[in-house]
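Chemist: Chains A and B, in that order, are what the protein sequence lines are.
Counting with numbering that gives the first Met the number 0, you get residues 0 to 407 for the letters of the first sequence.
Counting with numbering that gives the first Met the number 0, you get residues 0 to 252 for the letters of the second sequence.
These are calculated hints, taken from the structure and not from any lab test.
Positions of the beta carbon are idealized from the N, C-alpha and C atoms, including for glycine.
Hints may be right or wrong, so weigh each one.
Stated by the list, open to error - Reference listing, derived: stretches of chain A covered by chain B, where coverage requires no fewer than 3 residues with Cβ under 8 Å from a Cβ of chain B:
#1 124-131
#2 140-154
#3 219-229
#4 311-317
To be verified - If the Cβ cut is set under 8 Å, some of the chain A residues that face chain B in the computed set are:
#5 P184
#6 L202
#7 S278
#8 W280
#9 T282
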Amino acid sequence: MDSRQAWAAVAVLLGVLPLVFDSVLSVGILNQMLIAVLFALSYNTLLGQGGLLSFGHAVYFGLGGYVAAHAMRLTELGSLNLPLVLLPLAGAAGGLFAALLLGSVSTRRGGTAFTMISLGLGELLAAAALILVAFFGGEAGISGDRTAGPALLGVSFARETEVYYHAAVWVFLGALCLAAFRQTPAGQLAMAVRDNPLRAQCLGYSAARVRLLCFLVAGTFAGLAGALFAIHNEIITSQALGTANAGQVLLMCFLGGTGYFLGPVLGAVLLTLCTALLSGWTTLATLYLGLLFVGCVMFLPDGLSGLVVQLHVRWRRGSLRPLVPPLARCALPTAALLLSGVLLLELAAREGAALHVAGLTLQAGNAWSWLGLAVAALIAAWLLRRELPALQAVWQQAGAAGDRQVRP
Amino acid sequence: MSLLRLEHVSKQFGRTRVLHDVDLCIDAGECHAIIGPNGAGKSTLFHLISGLLTPDSGRIAFEDKPIHGLPSEQIARRGIARSFQISQLFPRLSVFENLRCALLWPMGYGCSLRHLLGREKALNARTDALLEDLGLQALRDVPAGELAYAAQRALELGLAIAGDARLILLDEPVAGMSHSEAAQALALIRRVTAGRTLLLVEHDMSVVFELADRITVLAQGEVIATDTPARIRANARVQQVYLGTGAGGQTDA
Chain A
0 MDSRQAWAAV
10 AVLLGVLPLV
20 FDSVLSVGIL
30 NQMLIAVLFA
40 LSYNTLLGQG
50 GLLSFGHAVY
60 FGLGGYVAAH
70 AMRLTELGSL
80 NLPLVLLPLA
90 GAAGGLFAAL
100 LLGSVSTRRG
110 GTAFTMISLG
120 LGELLAAAAL
130 ILVAFFGGEA
140 GISGDRTAGP
150 ALLGVSFARE
160 TEVYYHAAVW
170 VFLGALCLAA
180 FRQTPAGQLA
190 MAVRDNPLRA
200 QCLGYSAARV
210 RLLCFLVAGT
220 FAGLAGALFA
230 IHNEIITSQA
240 LGTANAGQVL
250 LMCFLGGTGY
260 FLGPVLGAVL
270 LTLCTALLSG
280 WTTLATLYLG
290 LLFVGCVMFL
300 PDGLSGLVVQ
310 LHVRWRRGSL
320 RPLVPPLARC
330 ALPTAALLLS
340 GVLLLELAAR
350 EGAALHVAGL
360 TLQAGNAWSW
370 LGLAVAALIA
380 AWLLRRELPA
390 LQAVWQQAGA
400 AGDRQVRP
Chain B
0 MSLLRLEHVS
10 KQFGRTRVLH
20 DVDLCIDAGE
30 CHAIIGPNGA
40 GKSTLFHLIS
50 GLLTPDSGRI
60 AFEDKPIHGL
70 PSEQIARRGI
80 ARSFQISQLF
90 PRLSVFENLR
100 CALLWPMGYG
110 CSLRHLLGRE
120 KALNARTDAL
130 LEDLGLQALR
140 DVPAGELAYA
150 AQRALELGLA
160 IAGDARLILL
170 DEPVAGMSHS
180 EAAQALALIR
190 RVTAGRTLLL
200 VEHDMSVVFE
210 LADRITVLAQ
220 GEVIATDTPA
230 RIRANARVQQ
240 VYLGTGAGGQ
250 TDA
């Protein structure tokens, strides 16, 4: 399948999804996914492609969102008559402008200096958002009515599916642009500067300029994603600018893997789904996502897309079969460890209320509940520790067999 | 006509005097080697010419225009390319992509956002031709970080000669190679740098005497001789430095 067919397949998939998952709730989640996918792709343009670790990427997402929200509000008030489909462009322009303003300072140096400046700017903007009330609207944020603009072909964007298709077109175009950017001289040089800025300079390229260019592209598409966010929610608050949001997009990229274009897409979809599902079941959603991040960094340094590629390599060599027995032996203790760990955390989170699991009643006030879970977790951990080396050995062996190992 | 001219160039790191009052003149078309014991300042000299360091005093002129104090990318654009003693590649890019990056500036693409690399036929053809020159076709799609040592050195050389640079600085191009590898690398250097001006730092004397038209001997940050290989061989001061009887010299060749 060549890339043209792949993009066509994605377009079809985007068109079909809301027909399959057609409840208002699931279309809403699909909408969030789309926005997260574009945000994560823009972030990975910085992180994966440019080698720039930013803790402040939410700034450009948020500012793009604010610009779009203001345009939406002005349209509602009647002083502007912008059709909704153009709002994302306003958001992208906002993201670009902010990236130009802040990036011209922060991208002069790469590495730790860039990271620390991004963190500082992120905190600064998040704090400023609460103080500069005229633009950011204080704690209430900026809200508007997306249906106020002139209707396009009879579509007023009142329904969730209309908003979905609107976002889908923009996210599709955005992803296409970011994929194309990787193929341009500038995009290729961003990777070169990531790998070796010294060498890039000795070939005639200013590393700072290449970094800035990469940063501007990332900021523009973050702004576009932010505008889609503002349109979807019809409100934007300072939370969208904050470091929590910046951390979320970092987690998406890490979970999905920064080494491949599709990595952040995978991470964004899974994380949005997890957040949406978990928040209905537990108050500890953030904690679980944090643990997921730790586990991902420890066991999957190349993310899920890296794992998929590794599995594919082993599958092509026909060396997947030996993995099955050790995997099966690890499965049960892993499941037991996760279950008992989750139950321990849940027990700690709810004071008094009992947990009912498989006919058992667990209570925070009952020492036997704690003891039983702790013993179960310890046994599972001990078993897993005993079985894991065998799995790792077979995994390594399967990877080393044949020609050179594929680097992610 | 001199292509590169250094006049009274000095460089200190803190209190350590690395280069002192260095005069050097590289003629267009020649292969000029710089030799000297460890710590003589050869690498610092290269860093000064390529703009990775700026001289404390003195002037460096390329094609009669001053280049000292310019950032390294500006110097590279004026036509000075270099290789490094420790290979400086783009480890996660393929061999082909590495070389293509080196060709983007000379071929006028710069940091363009308007071109798609896959469609630029002339660019890709020239990259493939370069791959062939370097004997790296078989490793075309291998990430540079996974290459064996000799192939890494060949690619390092390739990055230096890819463009149309009029002056090429080679920092120990055959260091760490076996005899047969060095002989191959030497043949490669001869082939791909034919007709260009070469400035070379090398420890292997057989390489130096085979390649160089002129040799400059550097010791303790000062130029002690510049001459043809035959006369350098016969020079008493040079012998002193290399035999270790001179002031603080050490044998290293």
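Chemist: What hints, given by number in increasing order, does this structure fail?
Modeler: 1, 2, 3, 4, 7, 8 and 9
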